[in-house]
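2 protein chains.
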Amino acid sequence: MSSKKNPEAGRRRFLRGGAGLGGALVGASLTTGARAEPLTVAPWSKTPGEPVLWHPYGQPSPYEKNVVRRSRGATPIPGANSSMTPLQNLHGIITPTGLVFERHHAGIPQIDPEQHRLAVHGLVARPTIFTMEDLVRLPSVSRIHFLECSGNTGREWKGPGTASLQFSHGLLSCCEWTGVPLSVVLEEVGIKPEGAWILAEGADSASMTRSIPLSKALDDALLVYAQNGERLRPEHGYPLRLFLPGFEGNMSVKWLRRLKVGREPFMTREETSKYTDSMPDGTARQFTFLMETKSVITFPAPDHRLKEKGFYEISGLAWTGRGRIKRVDVSTDGGRSWSVAQLQEPVLDRALTRFRFPWRWDGAPTVLQSRAVDETGYVQPKATQLVEARGVESNYHFNAIQSWRVASDGVITNVQV
Amino acid sequence: MSSKKNPEAGRRRFLRGGAGLGGALVGASLTTGARAEPLTVAPWSKTPGEPVLWHPYGQPSPYEKNVVRRSRGATPIPGANSSMTPLQNLHGIITPTGLVFERHHAGIPQIDPEQHRLAVHGLVARPTIFTMEDLVRLPSVSRIHFLECSGNTGREWKGPGTASLQFSHGLLSCCEWTGVPLSVVLEEVGIKPEGAWILAEGADSASMTRSIPLSKALDDALLVYAQNGERLRPEHGYPLRLFLPGFEGNMSVKWLRRLKVGREPFMTREETSKYTDSMPDGTARQFTFLMETKSVITFPAPDHRLKEKGFYEISGLAWTGRGRIKRVDVSTDGGRSWSVAQLQEPVLDRALTRFRFPWRWDGAPTVLQSRAVDETGYVQPKATQLVEARGVESNYHFNAIQSWRVASDGVITNVQV
Numbered sequence: 058m059s060s061k062k063n064p065e066a067g068r069r070r071f072l073r074g075g076a077g078l079g080g081a082l083v084g085a086s087l088t089t090g091a092r093a094e095p096l097t098v099a100p101w102s103k104t105p106g107e108p109v110l111w112h113p114y115g116q117p118s119p120y121e122k123n124v125v126r127r128s129r130g131a132t133p134i135p136g137a138n139s140s141m142t143p144l145q146n147l148h149g150i151i152t153p154t155g156l157v158f159e160r161h162h163a164g165i166p167q168i169d170p171e172q173h174r175l176a177v178h179g180l181v182a183r184p185t186i187f188t189m190e191d192l193v194r195l196p197s198v199s200r201i202h203f204l205e206c207s208g209n210t211g212r213e214w215k216g217p218g219t220a221s222l223q224f225s226h227g228l229l230s231c232c233e234w235t236g237v238p239l240s241v242v243l244e245e246v247g248i249k250p251e252g253a254w255i256l257a258e259g260a261d262s263a264s265m266t267r268s269i270p271l272s273k274a275l276d277d278a279l280l281v282y283a284q285n286g287e288r289l290r291p292e293h294g295y296p297l298r299l300f301l302p303g304f305e306g307n308m309s310v311k312w313l314r315r316l317k318v319g320r321e322p323f324m325t326r327e328e329t330s331k332y333t334d335s336m337p338d339g340t341a342r343q344f345t346f347l348m349e350t351k352s353v354i355t356f357p358a359p360d361h362r363l364k365e366k367g368f369y370e371i372s373g374l375a376w377t378g379r380g381r382i383k384r385v386d387v388s389t390d391g392g393r394s395w396s397v398a399q400l401q402e403p404v405l406d407r408a409l410t411r412f413r414f415p416w417r418w419d420g421a422p423t424v425l426q427s428r429a430v431d432e433t434g435y436v437q438p439k440a441t442q443l444v445e446a447r448g449v450e451s452n453y454h455f456n457a458i459q460s461w462r463v464a465s466d467g468v469i470t471n472v473q474v
Numbered sequence: 058m059s060s061k062k063n064p065e066a067g068r069r070r071f072l073r074g075g076a077g078l079g080g081a082l083v084g085a086s087l088t089t090g091a092r093a094e095p096l097t098v099a100p101w102s103k104t105p106g107e108p109v110l111w112h113p114y115g116q117p118s119p120y121e122k123n124v125v126r127r128s129r130g131a132t133p134i135p136g137a138n139s140s141m142t143p144l145q146n147l148h149g150i151i152t153p154t155g156l157v158f159e160r161h162h163a164g165i166p167q168i169d170p171e172q173h174r175l176a177v178h179g180l181v182a183r184p185t186i187f188t189m190e191d192l193v194r195l196p197s198v199s200r201i202h203f204l205e206c207s208g209n210t211g212r213e214w215k216g217p218g219t220a221s222l223q224f225s226h227g228l229l230s231c232c233e234w235t236g237v238p239l240s241v242v243l244e245e246v247g248i249k250p251e252g253a254w255i256l257a258e259g260a261d262s263a264s265m266t267r268s269i270p271l272s273k274a275l276d277d278a279l280l281v282y283a284q285n286g287e288r289l290r291p292e293h294g295y296p297l298r299l300f301l302p303g304f305e306g307n308m309s310v311k312w313l314r315r316l317k318v319g320r321e322p323f324m325t326r327e328e329t330s331k332y333t334d335s336m337p338d339g340t341a342r343q344f345t346f347l348m349e350t351k352s353v354i355t356f357p358a359p360d361h362r363l364k365e366k367g368f369y370e371i372s373g374l375a376w377t378g379r380g381r382i383k384r385v386d387v388s389t390d391g392g393r394s395w396s397v398a399q400l401q402e403p404v405l406d407r408a409l410t411r412f413r414f415p416w417r418w419d420g421a422p423t424v425l426q427s428r429a430v431d432e433t434g435y436v437q438p439k440a441t442q443l444v445e446a447r448g449v450e451s452n453y454h455f456n457a458i459q460s461w462r463v464a465s466d467g468v469i470t471n472v473q474v
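So the sequence lines, in the order shown, correspond to chains D and P.
The opening position of the first sequence corresponds to residue 58 in the working numbering, with each subsequent residue numbered one higher.
The opening position of the second sequence corresponds to residue 58 in the working numbering, with each subsequent residue numbered one higher.
It cannot be assumed that every hint is accurate.
Note that the list lumps identical chains together, so a pair holds whenever it fits in one copy or between two copies.
[Claimed, not checked] With a straight-line cut-off of 25 angstroms between C-alpha atoms, the simulated DMTMM-like cross-links for lysine to aspartate or glutamate are:
hint: 1; residue 1: Lys-439; residue 2: Glu-321
hint: 2; residue 1: Lys-122; residue 2: Glu-190
hint: 3; residue 1: Lys-439; residue 2: Glu-251
hint: 4; residue 1: Lys-103; residue 2: Asp-360
hint: 5; residue 1: Lys-215; residue 2: Asp-390
hint: 6; residue 1: Lys-317; residue 2: Asp-277
hint: 7; residue 1: Lys-364; residue 2: Asp-169
hint: 8; residue 1: Lys-366; residue 2: Glu-171
hint: 9; residue 1: Lys-122; residue 2: Asp-406
hint: 10; residue 1: Lys-364; residue 2: Glu-171
Since the hints were derived computationally from the structure, they do not count as laboratory data.
This is chain D alone, in the form it adopts within the complex (with noise of 0.2 angstroms):
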């Protein structure tokens, strides 16, 4: 408005609020904003509304009812699917624990907590049985982590899979998780000094197992009872999961039910047929726990449209499982050109990191693109650098740039460049 006017008042507010807002009206609706008729007072103004405790455990308005996870199909086993988080409708790191993503592998067990019990034995001087009374009276740590599962955007290996961040992008989310540091347990039980990797084993009825290093175990894996901030649900572990920061979510075993202390990795189903990844040689890359540096732009993506052109904020989420994320680039020419992306704060170690670039669309194709730098230096590399290294036979580990195409009409598609 006033930017048209007078440039040097748009030139103000762009420096003073740093994203252009001068030229974010230009074309937005907000150019339609300063109207003449006066506010017009709602019915829901006029009548008293629902009663405190209307639900006593609250619920997302009936306007929302279109953000659910969702699952990419049926299944021959119901319970060995996936759903994922609507990464399109979310906003910050927080991810709501109603909309945290699933991979099951026997569905989810309903266990009573009282019933649970946790079995330490194996390589140990003291085998114990472990209530979760017992467990939660132990001295606990909350931490903020994000969790991905190793197939996230696995269908982004043989070309862009498919038109949409939720099923793209959304085995992936972010909470503040309790419980009790898995070495508390372990100094309780005695390693015996022969132990070096650990077996763990949900209670679900396909008995989840994966092998577990014990430096992983004696460094940050926690036995984790609480998700931002209420017990953990069913579908992610309840009562009791293990929680290992930065390593592909599957290993973080749900409903865990037994520790056991070996010499050597189990070779269990999980981390040989399954979860490793195939390159060209026929050979397979075992034990690649680590989730690398990633970022994808949740906004606009392939789920969204742009109505018209004009000022945009461009959002999007970065992470890696080697720490802290230190620098997230945007493109909006398709690569040829990169910016710094402003990172919200907190930034912490091993969550989701969201950015920020304010964006002005001048209608013309284009191609939007991140790139994420963590703390260590590694770069998220290019889709053609990471199918050069590994082939296309793996169906994990995919951690390329990710590219939006916006079409003339605003229409976004995902596309590799």
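Use these hints to put chain P onto chain D, whose structure you have.
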């Protein structure tokens, strides 16, 4: 266990674990942990569980059905009431949105976001009516902040008010809030030089109205549309609320429909006959916006009972409208001696801070207290100091040290010492 056989090992574990775990086992059920019988296989491990997307929007375990918001009781108008957050059941610093306390004056309006408007007028250059689409396109920020009703712990003025943490301190929550800085919108409309205060009006049928100093509006006030990652819930202001970090909760006007810039405070009902602090001389403190430094032990609390002597981790929350918490002291002997508690990182500006303190209960009656100190050096006062300064006629801004008495039978009560 081994701490009894081997004091050195016990002490090493104490030093490494930092929480006296050798001692932790004395009297705890962990001492019976090393069992001879094998780990039994529970029924839920023998059959497939619930399918993926059992709940497209997730819900708590049925075993947690008692963890809900609660109200002190009915009121003449069901929509003019409050519900409290079950702090005694929560962990970490994030409050799950479904458990964030409520305070409404005329119930919860069911607002269609496409029909909702925000009018900004009064002493502005460009009166503007914003749609939600207009607002969400503007640059946003996300911040983790506490929200507390100024009436929280109001029943403690005249002595111990209730034998429940949920009912004494439950008008308190902490979430990640995402919205547009109010300064961005005020810049767009252009505040006239004589503008000094802003009237904020809600779209509920009580037309909740408060006067906001322009300095606060330009400093860190937010027009919030998302909470813990998802859009606001109806009871928290869907689709738009004001948020004033560190100020009393009712000023963060929900269902925000109007902002009017004026020269003086507007002297609305909620800042004259209500939400002012009655003093002994019959006068009232007005515009007591800031929520002062405060803390409370959330475990153990009157909502719990200690079954046996032995190790417990005392845990609680501290917060201040002045910025960051610098230190929390804990006393386990009714204030005769104080020790510094561990603060859970990250310690954020005007967010809840979780503190933890290892404690071994010898079974004797005692009193537990916490005392917060903020970065400005302000020390949370004793109840006697607060009453001496302000009398007992106020219902608001009680921020004294909370004392929990532990009886020999493990029953915990609310006392003032």
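We went through each hint and held it up to the structure:
1. Lys-439 - Glu-321: Answer is neither; intra-copy 36 angstroms and inter-copy 57 angstroms both fail.
2. Lys-122 - Glu-190: Only across copies: Lys-122 and Glu-190 sit 18 angstroms apart there, 37 angstroms inside one copy, limit 25 angstroms.
3. Lys-439 - Glu-251: neither (42 angstroms within a copy, 54 angstroms between copies)
4. Lys-103 - Asp-360: neither (36 angstroms within a copy, 40 angstroms between copies)
5. Lys-215 - Asp-390: So Lys-215 and Asp-390 pass the 25 angstroms test inside one copy only (23 angstroms; across, 66 angstroms).
6. Lys-317 - Asp-277: within (18 angstroms within a copy, 51 angstroms between copies)
7. Lys-364 - Asp-169: Between copies only: 20 angstroms across, 50 angstroms inside.
8. Lys-366 - Glu-171: Intra 58 angstroms, inter 21 angstroms, cutoff 25 angstroms: inter-copy only.
9. Lys-122 - Asp-406: neither (33 angstroms within a copy, 33 angstroms between copies)
10. Lys-364 - Glu-171: For Lys-364 and Glu-171, the Cα distance is within 25 angstroms only across copies (15 angstroms; inside one copy 54 angstroms).
Going through the hint list in order, the structure does not satisfy hints 1, 3, 4, 9.
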